[in-house]
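Q: Next come the chains, spelled out residue by residue.
There are 4 protein chains.
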Amino acid sequence: MPHEVKLPAVKLWGGDFYNEGVTGEILFDKLKEECGVFGVFGHPEASHLCYYGLHALQHRGQESGGICTTDGSQFHYHRGMGLVKEVFDNDKLASLKGSIAIAHVRYSTAGESKLANAQPLVFKYREGDLAVATNGNIVNAPEIRKDLERQGSIFQTSSDTEVVAHLIARSKHDDIVEAAREALVKLNGAYAFLFMTNGKLIAARDPHGLRPFVLGKLGDAYVFASETCAFDAVGAEYVRDIEPGELLILDGSGLKEDRFTEKTKRAVCAMEYIYFSRPDSDIDAVNVHSARKRMGRRLAIESFVDADIVTGVPDSSISAAIGYAEQTGIPYELGLIKNRYTGRTFIQPSQELREQGVKMKLSAVRGVVEGKRVVMIDDSIVRGTTSLRIVNLLREAGAKEVHVRISSPPFKNPCFYGIDTPSRKELIGAQKTIEEIRKAINADSLHFLSKEGLVESIGHLHGETQGGHCTACFDNMYPTQVPDEETAACGCD
Amino acid sequence: MPHEVKLPAVKLWGGDFYNEGVTGEILFDKLKEECGVFGVFGHPEASHLCYYGLHALQHRGQESGGICTTDGSQFHYHRGMGLVKEVFDNDKLASLKGSIAIAHVRYSTAGESKLANAQPLVFKYREGDLAVATNGNIVNAPEIRKDLERQGSIFQTSSDTEVVAHLIARSKHDDIVEAAREALVKLNGAYAFLFMTNGKLIAARDPHGLRPFVLGKLGDAYVFASETCAFDAVGAEYVRDIEPGELLILDGSGLKEDRFTEKTKRAVCAMEYIYFSRPDSDIDAVNVHSARKRMGRRLAIESFVDADIVTGVPDSSISAAIGYAEQTGIPYELGLIKNRYTGRTFIQPSQELREQGVKMKLSAVRGVVEGKRVVMIDDSIVRGTTSLRIVNLLREAGAKEVHVRISSPPFKNPCFYGIDTPSRKELIGAQKTIEEIRKAINADSLHFLSKEGLVESIGHLHGETQGGHCTACFDNMYPTQVPDEETAACGCD
Amino acid sequence: MPHEVKLPAVKLWGGDFYNEGVTGEILFDKLKEECGVFGVFGHPEASHLCYYGLHALQHRGQESGGICTTDGSQFHYHRGMGLVKEVFDNDKLASLKGSIAIAHVRYSTAGESKLANAQPLVFKYREGDLAVATNGNIVNAPEIRKDLERQGSIFQTSSDTEVVAHLIARSKHDDIVEAAREALVKLNGAYAFLFMTNGKLIAARDPHGLRPFVLGKLGDAYVFASETCAFDAVGAEYVRDIEPGELLILDGSGLKEDRFTEKTKRAVCAMEYIYFSRPDSDIDAVNVHSARKRMGRRLAIESFVDADIVTGVPDSSISAAIGYAEQTGIPYELGLIKNRYTGRTFIQPSQELREQGVKMKLSAVRGVVEGKRVVMIDDSIVRGTTSLRIVNLLREAGAKEVHVRISSPPFKNPCFYGIDTPSRKELIGAQKTIEEIRKAINADSLHFLSKEGLVESIGHLHGETQGGHCTACFDNMYPTQVPDEETAACGCD
Amino acid sequence: MPHEVKLPAVKLWGGDFYNEGVTGEILFDKLKEECGVFGVFGHPEASHLCYYGLHALQHRGQESGGICTTDGSQFHYHRGMGLVKEVFDNDKLASLKGSIAIAHVRYSTAGESKLANAQPLVFKYREGDLAVATNGNIVNAPEIRKDLERQGSIFQTSSDTEVVAHLIARSKHDDIVEAAREALVKLNGAYAFLFMTNGKLIAARDPHGLRPFVLGKLGDAYVFASETCAFDAVGAEYVRDIEPGELLILDGSGLKEDRFTEKTKRAVCAMEYIYFSRPDSDIDAVNVHSARKRMGRRLAIESFVDADIVTGVPDSSISAAIGYAEQTGIPYELGLIKNRYTGRTFIQPSQELREQGVKMKLSAVRGVVEGKRVVMIDDSIVRGTTSLRIVNLLREAGAKEVHVRISSPPFKNPCFYGIDTPSRKELIGAQKTIEEIRKAINADSLHFLSKEGLVESIGHLHGETQGGHCTACFDNMYPTQVPDEETAACGCD
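Top line first, the protein sequences correspond to chains A, B, C and D. Residue 1 is where the first sequence starts when you use full-length UniProt numbering, and the numbers rise one by one after that. Residue 1 is where the second sequence starts when you use full-length UniProt numbering, and the numbers rise one by one after that. Residue 1 is where the third sequence starts when you use full-length UniProt numbering, and the numbers rise one by one after that. Residue 1 is where the fourth sequence starts when you use full-length UniProt numbering, and the numbers rise one by one after that.
Incorrect hints may have been included.
Copies of the same chain are indistinguishable here, so a pair counts whether it falls within one copy or spans any two.
[As the list claims (entries may be wrong)] Here are the computed lysine-lysine pairs in the DSS-like style, where the Cα-Cα straight-line distance is at most 27 Å:
1. Lys217 with Lys338
2. Lys361 with Lys217
3. Lys412 with Lys451
4. Lys114 with Lys97
5. Lys217 with Lys256
6. Lys263 with Lys200
7. Lys124 with Lys146
8. Lys124 with Lys186
9. Lys265 with Lys451
10. Lys124 with Lys97
11. Lys92 with Lys338
12. Lys439 with Lys425
13. Lys114 with Lys92
14. Lys146 with Lys263
15. Lys256 with Lys400
16. Lys217 with Lys400
17. Lys97 with Lys361
18. Lys146 with Lys200
Hint data in this document are derived by calculation from the structure and do not stem from the laboratory.
Whenever a hint applies, use it, and build me the whole structure from the sequences.
A: This is the structure:
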């Protein structure tokens, strides 16, 4: 049963307003990316597959990357800060021997010391080597952690993964599968877990299936990934989504399908469809691009406006903009262009140059928008600052009118399941009416997709009657117990 | 008068077939990018403006970048291999003092020794310091060079720019403007030149206006750029295109508009509209995205095919694909996705992994194309190998039919004006009929845009009755004398 | 009471024979460097002092460096692979805020994953933040570790430091001083420990004082270091050596001098005097250069040989060589020269070039040694391979005779106290007679300093009647219990 | 006939007083290193030999390194900033194909744009490819350059080498040997030149033999180097010094020994023996270490002082210090220690930390000097600031007396032959009496080696009656015409 949360908002996101992300984009108010996991069992070039798989999942995290392999008797391991292509070179990949591997990309935060948090994390415990990689967030990790500390545990990272490793090490079970099962049932949260020992690969998805997680095959080898686009990248065949509460075990005797809980209720994160996942991925058998296009079409039906052109904010809103244009017959145009070469090391313009109009990443195309009534499609509004900036870009380029259409409902509630969101106090959707937001972002009109529209655009997943999505950030109906906002350290591990 | 060329084809492009470009893309047969220039006169942060301007022109060259400034008495100078963001950091930009600057990005070739060819080139001659940056190619540079060598000149680069510097140094005129004028009239070719001394900035565009070149203002400062998108990036206002044969001089007494020749005939490179320039740029007052969209619409009229979806090869063919979709009513879809994180340092997959299906950059979206009749829009076919690969990607992802539509005529003739093209022997358009090409690329059908369609889509420039474009690569009608192909060293300087 | 060990030799040192160290030197058979620690309490530029202090201790470890500071409420932390100057830049130092700091350099091993072992290690436990840095080796760490694992502890490093952190976290005492004391008494080994919390700095030296550890003052601030040379580098004043078994505590109330055990017996590592420490350091008030010079003089007395020149193997044997020359009156010459620019990234010559005589680091000076009878002084012989190589270098350069004199007794027994030594099987001193060694290294004569000569050259420390040195590697008399060699993982933490 | 110069002193050396060199040493007033050249003819691994040869010559220049090879038909080429080991990696060396090569290390200056001046310089002229590397300085280069500019030449570097290339290109002779000969006779200066075409290697030494230059053999291959230590490094055999005015030509027909002038007078730079060259090198058959030791012995005879210890300033004064100690019987001690790990990227201490006594590179050994009367041997005094600093270091470490002995006469006159010296105004030897200098450097006594002592210590070279050395920096007797100091751009090329 969903839990409604009524809490005073606190500042979770202490970052500099004019903060630069790894991508060089000025992060006015975009949501931070999550993480991505990839795993291989039984392929002689396991580390190379991880490299290409992680590369395909790079949009899920640009802060750090890591691969841990086992050759059956020992681990080989490398992690580093930066993009996958920066972390690994041929020598490093070659040194990661073995046919079993798990790998991870992590989302962007600042500070070098975060290398300690890069995954996979690798531990030694009484049964030998253990590597863990995960995407998601354990809601009750802080309590478990406090409990473990009371028992004398030490922590070297701020990662939930380390909490789970402690649970496994302190389990009464020697067998890793039983120990993992025992640990998992103690967790409340959203996750795709990969555990590796020198002989076993174990995958687990949270009881609500909040985070995406898929199983594939490449010849005789098995592969796991956060998104199907990673399977396409390595030439693997999609087999199926891992089920909520499922526990898959691979070892010398092949694949064993098991569960760690029967208490499940599908609640796949809607934001994966709206914003996070790559358009070429399928989540629970629904293609992301197609879902976005349906959102755009539905948005057109819900909030038609007569205009000269439709444009989308690149890259995540392109699909919805095309849908909107097709539905309305208003031509779709490249009214906004993103510079592909911006990146981490980019030099920020001085305040003066910024005021003179220096732009680094996004520009409005004067030749396209000048004198036009523009429908601008975006996927979400978090604080409203980016939207204001883009509307102004269009106006400066000569747009006569700017009608903003958002392919999701107002974002009102923080996420506790692996997405780094500001507190309610900073969420414009939680603080203002739609008309107030419209004024704040300087738009001629503003409409958000309805929750029903969103749910129907994604489609009812696996025959769930209520849709099977988590839409808590829109409707405050969390699929699990969530903490008081004050105590939540809402990060991605 | 155009000159028709009938020459035996030779191999100009010796590169590895499976060559990787700076962008990490496997260069089956894409044309190599040209260069970009940027200049500033009279702004206290000239070097920073160059940085952002070059960044906006990065698509025109990723091999190297350089900025040369003058503080009125001496030059400050930095060049390096790589992207603009890699070549410069804050300290380096800060050390480039002065309010006058010229800057350059160079296209991608292999080999470190190419640093010597990075621009701007800086010389000392009897009148003092001279810096030169150019985009284009001087057709008769080899002869002039031979001539200069006979007179005892030494060359440290393979760049045409050095040839021009020698001509200036050996001029009977001491005045840099007169010396530059004397040098320019000796040249046959395509170019946008920026010359800088400690007090003057000089800009010149070739007599046919083959390469784009624009003038802008930023407050009291003047700016120059290869494309208008660089003006948007720095907040500058577009003033006008520099005219063919024009010579603009900036010094303490302001802007002087002059000409170095009256013998001009506008022939703007059509490929700038089709492929090279950024969609948000205007060339000779025609927006590139809009021109591409018109090409797509015209292509739809010329070669309609009944299909389920239209998709474009990212990024350059997206606009034409949207045009095709709008004209036909067939939905436009993201059937092909490009990985944004691929780059220079990317590790190539082994032959084995490639055969197993590992992809790095482009993937077809199964969820979108499976079971569909696909119209695939691309901007050009050079050797045909990339087209074959993309068609196969679509088929492997389940496309039922793949109809290829190219938004330009068959590419049949080498370019001598700054685009690095293979010889006729390797140009599939020069060697095969359209039906043979269709078979070679495994398409269900294939159509190229007609030359008339192309010309009308771009639009007649500045009232020229013949359109004002150079379409020599399609029709062999070169606007200037061109050399025997054997002797042509067709590079970009 | 010393413990004599009689054990079958095993291969502890699996490295490549032609292994290259961080210094670019081909490590035929030199002992591996240990680690170095540095600490500051009460100086506003604590991180900078650590930087210069570590730099002075760089000879003790070139693999990695790290600094952890506290500003009183939180830790600031950076570690990295490489030399101190490579790991830190100005920005990183500036970000390490606070007036209390501990720092560490680690010795060289191969493999990136060793970053996890770089120190200081930083933990969170029930009482808050804890940082630990140590030089030395805990002999009974494997047993304690096994015990902890049985209780459910997980380990992320192979470092003894993590073992100690677990002991502290599991202590019945909440107070860090009491918890540290409880942990220390469980340890058997050689160590200089620095512990830091957000308010305290704690230093402890093992009960035998095996590893050097000194206390100094810089104005009102206290500093700690492995060697006094680090005090000279930061302008600090030497106060005294930390006593065996001593526990020093610094917090808001100043310095508190305490002990964790009374059961001590001074046994300072003789190899620190012979080889490891910098000649400008004093250990237990004895200057290292002077001690080495006395070893050389004594060696001359014990084993005079008539010769034309004396030369030392740079850098560690220079002092002894000067002593030998002064005692004998034979001129000291630079017969061997070390290239100062060799380093980690140096390209190894091919086998062919090596055979043709390509040398990278050490060369014999023909102009000095040609036709001469040479006395070559070295500090120790481990496997004998380096000695053979240097003797041959001298012979190839024309030396008529080469008489090898070693300023220490034959190295026969592995070290369990922080020096990475091969097993007895590989120690030429354990396997062969002196005459056999002489033949193996192709010397005309060979003598080792007697143990008595060594002890007297160093001098009796602090009035100990037996000298107060550990000479177990020469005489098999270990000051503590030592494990079966098979089970010893003899590394440095 | 030597030319005496009487000129007003000007500031040639504008650098920051607290300037840091590549070596991380604070350059109070050390002379800047020169350059080094290396060449190979006829060895299949020519580029690798260059790498090891340059490495051995690294002390002659740490700013940049470069290698140019020819495979007989084309050049392969790489240059970069930094140490040889930083400029080259295995891939780069492997790409430098061919059996003929010339290579260069350049001395340290600041500023990236200096890459343009890195050598070898490579040119194309009417006869094809030409590469040039040189050590030394052409005194009349500025006039020749002006002349060439008047004729329309352009210059891309500030290097004399480019001047020589212009002369060759403008020669009436097509043959490279004749053209080089014609160019060389126009030059006034000090140099070791290596010229390379696709078939020939040419070596030339200036008519006075001011700069060292040696010929060696490695199997059938010929090698050239600035110093013999590079031959030892690659296993080559020393054949002979190249004679003043000699021109050696290597091509398919073997070695041809020729001359470009008969007007020669041997005047080998004395400073090579005193300071620049490596102690294991022989110059004109005199070993450098041995010469330095004789200087030390002679210095002891000329200026004995009763003291407790002798110490040398590392590294260049060690040999002289040993000589002094042997002559006097006063023990030689390591009173000063240099930190081996300092380097380019080292962070300078803040003014405050410097005042607190933070040292980076050189430290005095308290245990050795405390309470002692110290004789401190150094090779030269330029401005006097370094000497003052070292004397103070010794006093702070407790030295009771510090007696400074310099193993060369007072440095009074600028060098025009490739050594970067300050103007007379800044040379303390030109401005002050010896007693004034003694006070300025805070020494208890000070003596310089006499010029006769210096000359006799080096030895009369090749039977020259006047010694055959250039000692102009001491006695103002320049072996060639030298310019007015105002116009001299005294750099190394």
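Q: If a hint holds in the structure, say so; if it doesn't, say that too.
A: Here's how the hints hold up against the structure:
1. Lys217 with Lys338: Result: close only across copies, 23 Å inter versus 36 Å intra.
2. Lys361 with Lys217: between (38 Å within a copy, 21 Å between copies)
3. Lys412 with Lys451: For Lys412 and Lys451, only the intra-copy Cα distance (12 Å) is at most 27 Å; the inter-copy one is 54 Å.
4. Lys114 with Lys97: Result: close both inside a copy and across copies, 26 Å intra and 17 Å inter.
5. Lys217 with Lys256: within (15 Å within a copy, 64 Å between copies)
6. Lys263 with Lys200: Close inside one copy (26 Å), not across copies (48 Å); limit 27 Å.
7. Lys124 with Lys146: Both ways: Lys124 and Lys146 sit 21 Å apart in one copy and 11 Å across, limit 27 Å.
8. Lys124 with Lys186: Both: 22 Å inside a copy, 22 Å across copies.
9. Lys265 with Lys451: within (19 Å within a copy, 60 Å between copies)
10. Lys124 with Lys97: within (19 Å within a copy, 33 Å between copies)
11. Lys92 with Lys338: between (33 Å within a copy, 26 Å between copies)
12. Lys439 with Lys425: This pair counts as within: shortest intra-copy Cα distance 18 Å, inter-copy 61 Å.
13. Lys114 with Lys92: both (21 Å within a copy, 14 Å between copies)
14. Lys146 with Lys263: within (26 Å within a copy, 37 Å between copies)
15. Lys256 with Lys400: neither (61 Å within a copy, 36 Å between copies)
16. Lys217 with Lys400: Between copies only: 24 Å across, 52 Å inside.
17. Lys97 with Lys361: between (40 Å within a copy, 25 Å between copies)
18. Lys146 with Lys200: between (30 Å within a copy, 23 Å between copies)
Taken one by one, the earlier hints fail for this structure only at number 15.
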